[in-house]
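Trainee: Residues per chain, in single letters:
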Amino acid sequence: MSHVLKVENLEVVYNDVVLVLKGLSLSAEQGKITALLGANGAGKSTTLKAISGLLETEDGEVTDGAILYDGKPIHGTHPEKIVRQGIFQVMEGRRIFEDLTVEENLRCGAYTRPRSEFSGDMEKVYDYFPRLKERRKQLAGYMSGGEQQMLAIGRAVMAHPKLLLLDEPSLGLAPILVEEIFDIVQRINQQENCTVLLVEQNARAALSVASYGYIMENGRIVLDGKGSELLTNPDVQEFYLGMGAGGKKSYRDVKHYRRRKRWLG
Amino acid sequence: MEQYLQLIINGLVVGSIYSLVALGFVIIYKATKVVNFAQGELVMVGAYICFALTVQFQLPFLAAFLITLFFSIILGLCIERLALRPLIGEEGISVIMVTIALSSVLKSLVQLIWGHDLQVYPQMLPTEPIWIAGLPVAPVYIAALILSGLLFAVFTLFFKYSRVGIAMRATAYDQQAAQSMGISVKNIFAMSWCIACVVSSIGGLILGNINGIDPHLGHLGLAVFPAVILGGLDSLAGAALGGLLIGIIENVCDGAAMQLFDIGGFKEVAAFVVLVIILMVKPYGLFGTEEIERV
Chain A
1 MSHVLKVENL
11 EVVYNDVVLV
21 LKGLSLSAEQ
31 GKITALLGAN
41 GAGKSTTLKA
51 ISGLLETEDG
61 EVTDGAILYD
71 GKPIHGTHPE
81 KIVRQGIFQV
91 MEGRRIFEDL
101 TVEENLRCGA
111 YTRPRSEFSG
121 DMEKVYDYFP
131 RLKERRKQLA
141 GYMSGGEQQM
151 LAIGRAVMAH
161 PKLLLLDEPS
171 LGLAPILVEE
181 IFDIVQRINQ
191 QENCTVLLVE
201 QNARAALSVA
211 SYGYIMENGR
221 IVLDGKGSEL
231 LTNPDVQEFY
241 LGMGAGGKKS
251 YRDVKHYRRR
261 KRWLG
Chain B
266 MEQYLQLIIN
276 GLVVGSIYSL
286 VALGFVIIYK
296 ATKVVNFAQG
306 ELVMVGAYIC
316 FALTVQFQLP
326 FLAAFLITLF
336 FSIILGLCIE
346 RLALRPLIGE
356 EGISVIMVTI
366 ALSSVLKSLV
376 QLIWGHDLQV
386 YPQMLPTEPI
396 WIAGLPVAPV
406 YIAALILSGL
416 LFAVFTLFFK
426 YSRVGIAMRA
436 TAYDQQAAQS
446 MGISVKNIFA
456 MSWCIACVVS
466 SIGGLILGNI
476 NGIDPHLGHL
486 GLAVFPAVIL
496 GGLDSLAGAA
506 LGGLLIGIIE
516 NVCDGAAMQL
526 FDIGGFKEVA
536 AFVVLVIILM
546 VKPYGLFGTE
556 EIERV
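So the sequence lines, in the order shown, correspond to chains A and B. All residue numbers for the first sequence refer to my numbering, where the first residue is 1 and numbers rise by one. All residue numbers for the second sequence refer to my numbering, where the first residue is 266 and numbers rise by one.
Treat the hints loosely; a few may be bogus.
To be verified - In silico negatives: residues of chain A with every beta carbon more than 12 Å from chain B: (1) Gly-23; (2) Glu-56; (3) Leu-68; (4) His-75; (5) Arg-135; (6) Ser-170; (7) Glu-192; (8) Asn-193; (9) Phe-239.
Said to hold, decoys possible - List of simulated lysine-lysine pairs, BS3-like, C-alpha gap at most 27 Å: (10) Lys-298(B) with Lys-162(A); (11) Lys-425(B) with Lys-133(A); (12) Lys-81(A) with Lys-298(B); (13) Lys-372(B) with Lys-532(B); (14) Lys-81(A) with Lys-425(B); (15) Lys-6(A) with Lys-32(A).
Think of the hints as simulated: they come from the structure by calculation, not from any bench. Cβ atoms here follow ideal geometry from the backbone N, Cα and C, with glycine treated the same way.
Please model the entire structure based on the sequences and the hints provided.
Mentor: Here you go:
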């Protein structure tokens, strides 16, 4: 089993003062879906932006550690070059170009690809998301949230990514759409042979498709394991899946978790 | 009546040049959100370069034209690289001050090299007027109209269908998202300055053929402002229409003021008066993107 992406002891500082990632390590196995879970402000998006290089536009800086892609360090590389190496980030909040049509949005996704591949790739995207085909000439800003998310992922498919970074694809979507999107992410993962690193708040949905998962708190990984293991882990069940394990919880257990977190974090 | 028709035709020609310069302005604003106060000076520089090539170096006009375009591209690259790139991420007001400084520098350079006097281009086109609907129109006017119409068509197609054009629009909408797609924002910025310089030079060149050139040509930038604001700052169609409208309004109002009240020089004011009125009714201009603000 080979790891296409390895992040080692990553430290990221925003604005020269705010330490957001405090020695984070994770890896993504070739051809698999890896989930990165955690509460708001844990540093999940920052991790993705550090990998894709987009951190540089936000006054963030990798101050320590390494990001290895195919065994080669990539931090400090400009984001446009990182895209050309095959890493594509679908940013949080969809970030589609609202005053461009669906097709023009897809063309932006294919910016780094040879022109000759465009029409074939577009058909592929329409195959994954038939609804986009119906709206191909429409302005993207007038589409529903779910369709916009499909467009955002479709744009990524256009770029033939080897490593796809998905930042909260379930954000603001109805449960049924979340399921649909995750199904398609799984299909893309298998059919395009692309490794996926998935950041999510929706732990259950993410772990159901992920083969491996990491749980982050305060800029560090506090727990990791196989997707199925995490789903049955009592701490994860209680704190991320909202399954209160039945009955009242004594304060002692909460304290125990906090203590554990301190040790691990 | 005939006099007004003549004024309208003049207005159209001047307006089409305004449109070109406004186009440059809008492209820079659209892609980089920079309000470029040196737009008029770019016109002037282009006009002088072409003048130098045709008159001082005695090159045939077509060669001079192409070299001027080439030079404009270089100028755009230099301006972006030296003056604006260091300011990426700085506040809007600093960037605006830099463009104002740029306009002073360019103007001084031109005066230093070519002096203050009015310079005249050699006659390219026949002076014999062409008669349209009973009105004499100078061939250079018609050439100007056709050339600007052509350029607008080219740029409309460019932004609609070419990969780089679409990438420019995407960058204008969301820089970071564009970057996440592998679009180099720096290249897009440089490209927009190049295009702005090229269209401005062409505008300057046409003006030079009509009126001759002097260092006051830079004031054109000021006259183009109403056109840009009227069109709505970030719309290509707006720039085209705004330019034509302002050109016509200026000329017709000037003529009317002369005839009715015997006041000269109303030209400079007319556009701004109309501008104020229109902005009271449509604050985002005719085609501008309205921003939704919640209070």
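Trainee: Go through the numbered hints given earlier and state which of them the structure violates, listing their numbers in rising order.
Mentor: Hints 2, 10 contradicted; others consistent.
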